[in-house]
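Asker: Numbering-wise (my numbering), the sequence shown opens with residue 2 and increments by one.
Check the hints yourself; a few may be wrong.
To be verified - No more than 20 Å apart at the CA atoms, straight line, and that leaves these computed lysine to aspartate or glutamate pairs for EDC-like: (1) Lys42 to Asp71; (2) Lys46 to Asp58; (3) Lys42 to Asp70; (4) Lys42 to Glu55; (5) Lys42 to Glu52; (6) Lys50 to Glu60; (7) Lys46 to Asp64; (8) Lys42 to Asp58; (9) Lys42 to Asp69; (10) Lys46 to Glu60; (11) Lys46 to Asp71; (12) Lys46 to Asp69; (13) Lys42 to Asp64; (14) Lys42 to Glu60; (15) Lys46 to Asp70.
Because the hints were derived from the structure by calculation, they are not lab data.
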Amino acid sequence: MANVFLVLAHRPNELRAFMASHDARLEGESGLTQAGREMIKFALKLARKPESIEAADHESLRDHRFNDDDIWDIGAITGLFALSNRLGHLASMRPNDEFFTMGRG
Numbered sequence: 002m003a004n005v006f007l008v009l010a011h012r013p014n015e016l017r018a019f020m021a022s023h024d025a026r027l028e029g030e031s032g033l034t035q036a037g038r039e040m041i042k043f044a045l046k047l048a049r050k051p052e053s054i055e056a057a058d059h060e061s062l063r064d065h066r067f068n069d070d071d072i073w074d075i076g077a078i079t080g081l082f083a084l085s086n087r088l089g090h091l092a093s094m095r096p097n098d099e100f101f102t103m104g105r106g
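Work out the full structure, taking the sequences as your base and the hints as a guide.
Answerer: Put into C-alpha cells, the structure is as follows:
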C-alpha cells in the first residue's frame with residue numbers, strides 16, 4: 002500500500018487523516034480478525050452497489066455471527082479502501098510491484 006501513501010502525500014493533511022483512519026480501522030480493536038477485515042464478500046456489494054444494501058444483507062451477516070460492531074467495521078474498512086483506490090486511479094498510480102500482476106494475465 003506504500004504507493005497509495007505516496008499519492009495521498011500530495012496533500013499532507015489528508016494523508017495524516019487517512020493514516021489515522023487506516024490505523025483505527027485496520028489496527029484498532031475489532032471483533033474481526035486481521036484477515037477477516039479484508040475478506041468479507043458483503044464488502045464487494047457495498048463498494049459496487051451501495052444502493053442495493055438492504056436489511057436482509059445485515060441479517061445475512063448476523064447469521065454468520067457478525068454483530069453490529071463487526072458490520073460497522075466491515076463498512077468502514079470498505080469505505081477506506083474505496084477512498085484509497087479511487088484516489089490511486091485518479092492519480093494513475095501504479096500499484097506496488099507485489100500487487101501489479103494480480104488479476105492480470
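Asker: Go through the numbered hints given earlier and state which of them the structure violates, listing their numbers in rising order.
Answerer: Structure breaks no hint.
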